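A.B. asks: For the sequence shown, this note's numbering assigns the number 380 to the initial residue and increments by one for each residue that follows.
If you are wondering where the hints come from, they were derived from the structure by calculation, not from laboratory data. Be careful, since some hints might not be right.
[Claimed, not checked] Each computed BS3-like pair below joins lysine-lysine, with the alpha-carbon atoms no more than 30 angstroms apart:
#, residue 1, residue 2
1, Lys-390, Lys-530
2, Lys-534, Lys-499
3, Lys-499, Lys-530
4, Lys-390, Lys-447
5, Lys-558, Lys-481
6, Lys-421, Lys-481
As the structure is a computational prediction, the values presented were derived from the model and not from experiment.
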Amino acid sequence: MAKILVIEDDKLMQEALTGVLESIGHTVHCESDGSVGFENFKQNQYDLVITDLRMTPIDGLTVIREIKSINPDMPVIMITGYPTVETSVEAIKSGATDFITKPFEISMVEVAIRQALEKKGQGGSSGIKVLGGPARPSGPRLEDFKASLIKEQRKLHTRFLIIFIILACIALGILLVAKMP
Numbered sequence: 380m381a382k383i384l385v386i387e388d389d390k391l392m393q394e395a396l397t398g399v400l401e402s403i404g405h406t407v408h409c410e411s412d413g414s415v416g417f418e419n420f421k422q423n424q425y426d427l428v429i430t431d432l433r434m435t436p437i438d439g440l441t442v443i444r445e446i447k448s449i450n451p452d453m454p455v456i457m458i459t460g461y462p463t464v465e466t467s468v469e470a471i472k473s474g475a476t477d478f479i480t481k482p483f484e485i486s487m488v489e490v491a492i493r494q495a496l497e498k499k500g501q502g503g504s505s506g507i508k509v510l511g512g513p514a515r516p517s518g519p520r521l522e523d524f525k526a527s528l529i530k531e532q533r534k535l536h537t538r539f540l541i542i543f544i545i546l547a548c549i550a551l552g553i554l555l556v557a558k559m560p
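All chains should be built: construct the whole structure from the sequences, respecting the hints.
C.D. replies: Here it is, written out as structure tokens:
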């Protein structure tokens with residue numbers, strides 16, 4: 380299977396991509412920073428790069444250009460939560476193999492990876508097989524990831540509820556003061 384570099388500053392997205400890609404047999408290395416990811420790319424051999432758009436100190440478009448300057452045949456998939464027509468056109472002009480917007484279906488990423496690897500000549504037995512619909516990863520890593528997402532969601536829900544109660548009390552206080560003679 381393929382060796383994939385994921386450059387993504389969102390830890391949850393890193394974990395999700397890693398879990399899915401490893402569950403279907405790929406080797407994954409993650410970096411949270413565009414410049415560190417590019418340095419890692421220069422020092423190691425990868426079959427595919429997946430990069431986020433918005434990162435610091437260098438963004439995903441710069442990462443794509445730098446990677447393509449070293450290896451024009453390297454397939455690079457851009458993933459972003461901030462899609463615009465301009466950024467998608469710029470990503471493709473810079474050499475991105477595909478442009479995927481968040482949130483996305485896992486099957487979209489699987490298909491994009493399979494197509495990118497096939498174009499590179501990694502298809503056949505080393506490509507992702509999509510038989511009978513999209514693959515559904517499972518296993519302890521995915522279950523742990525789901526549990527951590529649920530836990531985070533509960534924490535956020537509690538925080539928002541507390542904020543709502545505080546704001547409601549403030550609003551009630553303002554109304555009571557306004558009605559005082």
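A.B. asks: Each of the hints needs a verdict: does it hold here or not?
C.D. replies: Do the hints match the structure? See the list:
no.	hint	verdict
1	Lys-390 with Lys-530	holds, 15 angstroms
2	Lys-534 with Lys-499	violated, 43 angstroms
3	Lys-499 with Lys-530	violated, 40 angstroms
4	Lys-390 with Lys-447	holds, 25 angstroms
5	Lys-558 with Lys-481	violated, 48 angstroms
6	Lys-421 with Lys-481	holds, 27 angstroms
Of the hints listed earlier, those the structure fails to meet are numbers 2, 3, 5, in rising order.
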